[in-house]
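Visitor: Given chain A, work out where chain B should sit, using these hints.
Number of protein chains: 2
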Amino acid sequence: VAIEKETPENERPETFLRAADGAQASASTTVRARFEKMIREVQDEVCAAIEAADGGGKFKEDVWSRPGGGGGISRVLQDGGVWEKAGVNVSVVYGVMPPDAYRAAKGAEGDSSVTPGPVPFFAAGISSVLHPKNPFAPTLHFNYRYFETDAPKDAPGAPRQWWFGGGTDFTPAYIIEEDVKHFHRVQKQTCDKFDPSFYPRFKKWCDDYFFIKHRGERRGLGGIFFDDLNDYDQEMLLAFSTECAKSVIPAYLPIIEKRKDTPFNEQHKAWQQLRRGRYVEFNLVYDRGTTFGLKTGGRIESILVSLPLTARWEYDHQPEEGSEEWKLLDACINPKEWL
Amino acid sequence: VAIEKETPENERPETFLRAADGAQASASTTVRARFEKMIREVQDEVCAAIEAADGGGKFKEDVWSRPGGGGGISRVLQDGGVWEKAGVNVSVVYGVMPPDAYRAAKGAEGDSSVTPGPVPFFAAGISSVLHPKNPFAPTLHFNYRYFETDAPKDAPGAPRQWWFGGGTDFTPAYIIEEDVKHFHRVQKQTCDKFDPSFYPRFKKWCDDYFFIKHRGERRGLGGIFFDDLNDYDQEMLLAFSTECAKSVIPAYLPIIEKRKDTPFNEQHKAWQQLRRGRYVEFNLVYDRGTTFGLKTGGRIESILVSLPLTARWEYDHQPEEGSEEWKLLDACINPKEWL
Numbered sequence: 001v002a003i004e005k006e007t008p009e010n011e012r013p014e015t016f017l018r019a020a021d022g023a024q025a026s027a028s029t030t031v032r033a034r035f036e037k038m039i040r041e042v043q044d045e046v047c048a049a050i051e052a053a054d055g056g057g058k059f060k061e062d063v064w065s066r067p068g069g070g071g072g073i074s075r076v077l078q079d080g081g082v083w084e085k086a087g088v089n090v091s092v093v094y095g096v097m098p099p100d101a102y103r104a105a106k107g108a109e110g111d112s113s114v115t116p117g118p119v120p121f122f123a124a125g126i127s128s129v130l131h132p133k134n135p136f137a138p139t140l141h142f143n144y145r146y147f148e149t150d151a152p153k154d155a156p157g158a159p160r161q162w163w164f165g166g167g168t169d170f171t172p173a174y175i176i177e178e179d180v181k182h183f184h185r186v187q188k189q190t191c192d193k194f195d196p197s198f199y200p201r202f203k204k205w206c207d208d209y210f211f212i213k214h215r216g217e218r219r220g221l222g223g224i225f226f227d228d229l230n231d232y233d234q235e236m237l238l239a240f241s242t243e244c245a246k247s248v249i250p251a252y253l254p255i256i257e258k259r260k261d262t263p264f265n266e267q268h269k270a271w272q273q274l275r276r277g278r279y280v281e282f283n284l285v286y287d288r289g290t291t292f293g294l295k296t297g298g299r300i301e302s303i304l305v306s307l308p309l310t311a312r313w314e315y316d317h318q319p320e321e322g323s324e325e326w327k328l329l330d331a332c333i334n335p336k337e338w339l
Numbered sequence: 001v002a003i004e005k006e007t008p009e010n011e012r013p014e015t016f017l018r019a020a021d022g023a024q025a026s027a028s029t030t031v032r033a034r035f036e037k038m039i040r041e042v043q044d045e046v047c048a049a050i051e052a053a054d055g056g057g058k059f060k061e062d063v064w065s066r067p068g069g070g071g072g073i074s075r076v077l078q079d080g081g082v083w084e085k086a087g088v089n090v091s092v093v094y095g096v097m098p099p100d101a102y103r104a105a106k107g108a109e110g111d112s113s114v115t116p117g118p119v120p121f122f123a124a125g126i127s128s129v130l131h132p133k134n135p136f137a138p139t140l141h142f143n144y145r146y147f148e149t150d151a152p153k154d155a156p157g158a159p160r161q162w163w164f165g166g167g168t169d170f171t172p173a174y175i176i177e178e179d180v181k182h183f184h185r186v187q188k189q190t191c192d193k194f195d196p197s198f199y200p201r202f203k204k205w206c207d208d209y210f211f212i213k214h215r216g217e218r219r220g221l222g223g224i225f226f227d228d229l230n231d232y233d234q235e236m237l238l239a240f241s242t243e244c245a246k247s248v249i250p251a252y253l254p255i256i257e258k259r260k261d262t263p264f265n266e267q268h269k270a271w272q273q274l275r276r277g278r279y280v281e282f283n284l285v286y287d288r289g290t291t292f293g294l295k296t297g298g299r300i301e302s303i304l305v306s307l308p309l310t311a312r313w314e315y316d317h318q319p320e321e322g323s324e325e326w327k328l329l330d331a332c333i334n335p336k337e338w339l
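Chains as they are written, first to last, in this note's numbering: chain A, 1 to 339; chain B, 1 to 339.
Calculated from the structure, these hints are not laboratory results. There may be inaccurate statements among the hints.
Taking lysine to any residue and the SDA-like style, the derived pairs with C-alpha atoms no more than 25 Å apart in a straight line are [to be verified]:
hint, chain 1, residue 1, chain 2, residue 2
1, B, LYS60, A, TRP326
2, B, LYS295, A, ILE212
3, A, LYS213, B, VAL63
4, A, LYS213, B, ARG278
5, B, LYS5, A, ILE212
6, A, LYS58, B, GLN318
7, A, LYS193, A, ASN230
Only chain A is shown next, with the shape it has when bound in the complex (with noise of 0.2 Å):
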C-alpha cells in the first residue's frame, strides 16, 4: 500500500470526497459524506474548546490534498499556555489495498475465496493528541475513522465492507482518582447509551491495545478502543462514533482545568518526561496509524505530531516501591478497574 504525495492547499475545500462520491448535494446523506462532516466539525469544536482553555496559544493550520482524491487538515497549537504541543487532524484517503490486508480486516485470512484482487477502500478519521505542560495534566489522545471498500473492480458483484474504529484513551503521569474516575465515567456513559457491553469490552480493548510489549506495561491509564466495528447496525457505529468524539470536551476539559496550575517541582516534570519516553516508544514501535503511515508515506508531520515536544530516557530507572511515580507505573503493568 503506498499513498500519494500530498500538496499544499490555501484553503479548506468544502469537502475532501471525490466529486461522483459525495461532493453534490444529492450524495451528501451517504455515511462517508456525514463522517466527513462529523469530523470537521468535532475538529473545529475540539480547536475552540482547547484554545480557549489554553488562554495563549492559536492553532497553525496546514490543508493538503491529493490528485486522486482525498486530503486533511493538520491543526497544531504549540508551546501554548496550558499545552506543550497539541495536534487535532482529519484525513480522507483513497486507496486501494492487497487482498492480504483486506482479508486480515475482514477476519477471513486464508479464505482465499473472499476477494480476487486489489480493493479500494475509502477512509476517514480524526486523530488527536494533546501533551499539556503541567506534570498533573494528563494527556489525551483520540481518534475516530470510517473505513469503506469498493466493490473490487473484477468482481463488481462483490460486496461493499466497512468498518468503525477509533477510541479516547489518556495518559497521566500522577494518578490522581477523582480524574481518572471522571474520565472513565465519561466513557462509560457514552458507551451505555448505546449498548451495556460496550464499556467493558472497549476498555479491555483499550488496555489490551495500548500495550508497550517490551516493558510489560501500558503507556497509560486507558480509556476505550475499539477496530474493524461492522457487526452491528451502520446507522448506531455513526451515532456512537459521533457520541464518543462529541464526549471528549466534557471527558478531558474539567480536568484540564483543575490541574493546569497545579504546582510542581524538577522531579515531578522529570518523572512527566520519562512517560513521555514512553508514549513515543509505544508509538514508534506499535501504533497501527503511526508504523503503517510511516511506511506507507502519508504526511509524515501529521502522522509524528502526536509526538511529545520533549521526552526522556534514563538507564533502569526504577521508581520507589509505594511512590507516586511507583502507583502510576504499578497502574500501567496491572490495569485497574476505575469505576
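Guide: Frame of chain A, contents of chain B only:
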C-alpha cells in the same frame, strides 16, 4: 527467535562462553573466545577514556547472564560533566535461528536445500552510544559483532557459518568540517590497512543503513558500516574488526576535547534536541539490533541505552535556508564525500 530471561550477576565472570565452548584454556584460541576477549578489552579502554575525558561522571555497571550460557556487561555513565548519557555494552548470546533467518543471513533465500531445521547460533558484540551535552560535540555510535552458527542438529555434516558486522558512525548537530574530516580520515586509515576497497564501500553502506526512510534523511554524517561479512579470510576480518574497535578513541576523543566547552545558546540546544529526536526515530523504527532486541525479549535497558537522555519534536520544523542547521540537514539528505 526468543531469548531466555537474564539473571543479574554480582561479579564479572572470566568469560560468558559455555564451558564446552571456550572456557577451557585449551579453547581460548577459538575465534569466539578471541572476539569476546577483544570486545571486553575495548569496553574497558573506551570506558576508561570516557571517564577521564568526562572529568566527573562514573560508569555504573550491570552484569547479567543467561541460564543456557551467554550474558553481558552493561556500563552507563549518565549526567556527567561532558556526556549526557554514555552506554558501552558487551554481550554474548547463544540462540536458535529459524531456517528462514539463516537462509536470509546466508543470502540463500528461497533455496530450501541450504539447511533443514532450526540452527543454533552464537553471537558476541560490543555496542556503544555516546551522547554529549554540548551541541557542538557530536554523538558517537559504534558496534562490532561476530556471529557463528553451529552445524544443524539434524544435518551434522553441514558447514558452520560465520560473519562479522559492525561500524562506527557519528552524528553532530552542527558541521565543523575539520571534525568531520578527522573522523572520516581515521575510518579510512583503519580500512586502508586491510583493503583499499573497504572505506568507499563501507562508507556508502553506512550512508545507506542509517537512513530514516520516512524523513528521506540520514540520522547523521556517517562513517563506516558492514554486515554479514564472510567473503574474506576469517583471521583478516577478526583483525579488521579489532582495529576498527581500537580506533574509536583516536577518531572521537580529540573532537570532544575541542568542542566540549564551546559556548552555545538555547537555539543551538533546541536544534541538538531535534536531531536527538531523529536519533530516536531511527533507532526505534529502523535499527536492526534495536527492533530485533525488542521483539526477542533481550535485556531492554541495555538495548534502549542507545536512546538519548532527552529529545524533542517540533511540528514541521524547517531550518532557514543557508543557516548552520540547514547545512547539517542538507548533508543528512545528500551524503557528501568528506575526504
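Visitor: So, for every hint listed, does it hold in this structure?
Guide: Right, here's what the structure says about each hint:
1. At most 25 Å may separate the alpha-carbon atoms for a hinted pair to count; LYS60/B and TRP326/A meet this at roughly 23 Å.
2. A threshold of 25 Å between alpha carbons decides the hint, and for LYS295/B with ILE212/A the separation of about 11 Å falls inside it, so the pair holds.
3. For a cut-off of 25 Å, the pair hint linking LYS213/A to VAL63/B stands: about 24 Å separates their Cα positions.
4. Taking the CA atoms of LYS213/A and ARG278/B, the gap is about 22 Å. The hint holds against a cut of 25 Å.
5. For the hint linking LYS5/B to ILE212/A, the alpha-carbon distance of about 18 Å falls within 25 Å, and the restraint holds.
6. With a CA separation close to 19 Å, the supplied pair LYS58/A and GLN318/B stays within the 25 Å bound.
7. Note on LYS193/A and ASN230/A: the hinted pairing holds, with a Cα-Cα distance of about 18 Å set against a maximum of 25 Å.
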